[in-house]
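Residues in the sequence shown are numbered consecutively from 1, following the numbering used here.
Take these hints with a grain of salt, some might be off.
In silico lysine-lysine, DSS-like type, Cα no more than 30 Å apart, as pairs [unchecked claim]:
#1 Lys509 - Lys422
#2 Lys24 - Lys188
#3 Lys131 - Lys398
#4 Lys422 - Lys487
Hints in this document: simulated from the structure, not taken from any laboratory.
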Amino acid sequence: MNKSSPIKKSHKGKTKLPFIIPKKAALWVLVAVSCALIAALVLNIRAGYYLPNHLDEWQHLGLARNLVETGQLLQKNPYYSDVQQYNPEPGFTIFTAATWVLLNDPLYYAAIMPAIFSAWGALMVYILTRKITGSATAGLYALLLYGGIRSNVNILGEWFYTPMNLALPLTYATLLLMIRALYDDDKKAYVSAAITAAAVVLIHPPSALAILASFALAIAAEPSKIKSRKMAAIILLPAAIGLVLLVFYAEMKGGGINFILNAFQFSAEWGTINFPHNPFTFYGIGMSMLAALGAIILLKKKTILPVLFAAFPIAVSYVYIDANIAFFIPFQRAIYLSAVGLVPLTAVGLDALIKAASDFVGRALTGGKPSLTQKMLPLLAVVIVLYVSFDGYYNVPKEFSVYLSANPYDVDALRALDGAAKQKVVLTDPWSSAAVYPITGGYVVAMRTGKLWGRNYTATSNFYNNHDCQYQTNFMRTYDVSYLISKQANTCGFKEIYSNRGNHVYEVKR
């Protein structure tokens, strides 16, 4: 055999092929493939219609269009000409507006971005957990566990284009940078953590409150491990700036301290759907037990920050369950953030358990020598995590199942107006009304409350159920309606300008 040949023979004469892909590269290929599969699962939620589905998604697009066209960011509900409403998530609106300008089809973009955010979040929790444990296997466990967190229309999550979904990878990134800053005294990490924390404050304040509160508690609880407390305070600067802005806004609105206190309280009436989730049963009892083991391990290592990040939303959840009021974080978001915080702890606990089992097998069966059984244990753990995380991934209780605020035919009907309805009132049902402003730039009569306030549900329902032409004409005059979209043909003399799949679009002339 030629000496330059890469094929080698062992001393027993058996041919050995070199490992073509370096081990490190193979690991990152595995991580990339896993992230891509998680993204595919999220994208599959919208198979057949790549459009926004949740009410909040449409309303965030409405805020973005309003910012692009008017420059208004903080105090405008664009669905009505006369409604002012504070926007506490301006960072997400700016992000969405930027993509609105850059992309030709913002509706399609809003449909596919949750998949990208979920893959990004999975990657960040892999890097975070690997940093905490020094174990790539533990990082892979965390990646899979994160991908398997259930979403629904009540608690939202990675299935939806919302501020929380964008904030989650940034939250993990902030945790990672905080750990590097606090425990490694990495000066660059202090600055980077401050920047990412500020971004989360602007994108999703509840996530920011969870991580900043955890960081402040870690500084107080572990003074001996923190090498530069003055530098650590830099990371808390975004919280101070946010509080100053909140006070300034409160004074502008004349609300003072009561406004501030109310801003941090969320009663049972917050949100359209309320259900008494338990953070541990939502996440999974078995996985929660492993998270408890992981928390004990990290506390023994005096790496308390990840434990506090999980504990904070869990505490908020139990206060709500007991007192029917949540502080700092809405209950539904606290439930999801609890699962997000438990993921790296579960991975730490599972990794420790597998290593202990591997050592036991090595001592008991092979006298301490490496064996195939030992090598197979991590693979077995991955298989179990895959099954537990993704079995029944799309099974959602009926009351929380994914819905379409506006179906493709509703969207086609609105697109038929082709800009003619801009700054004019469009009457359609309160659900599909959420698509009116993003598509046409027009106002609505009624809309379901989601991210933005709605009104006039009963009046609109009465209109569609009352076929008296005089009543309908008076209704149009009262609400200054220029266009009507109806599932039924209208016989009151309005001019039909479009019809498709049961959607009739009428121009109302007075």
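Now for the hints, and whether the structure bears them out:
1. Lys509 - Lys422: Status holds; Cα separation ~16 Å.
2. Lys24 - Lys188: This hinted pair holds, its Cα atoms lying about 26 Å apart.
3. Lys131 - Lys398: violated (39 Å)
4. Lys422 - Lys487: holds (22 Å)
In the structure shown, a violation is registered for the earlier hint numbered 3 alone.
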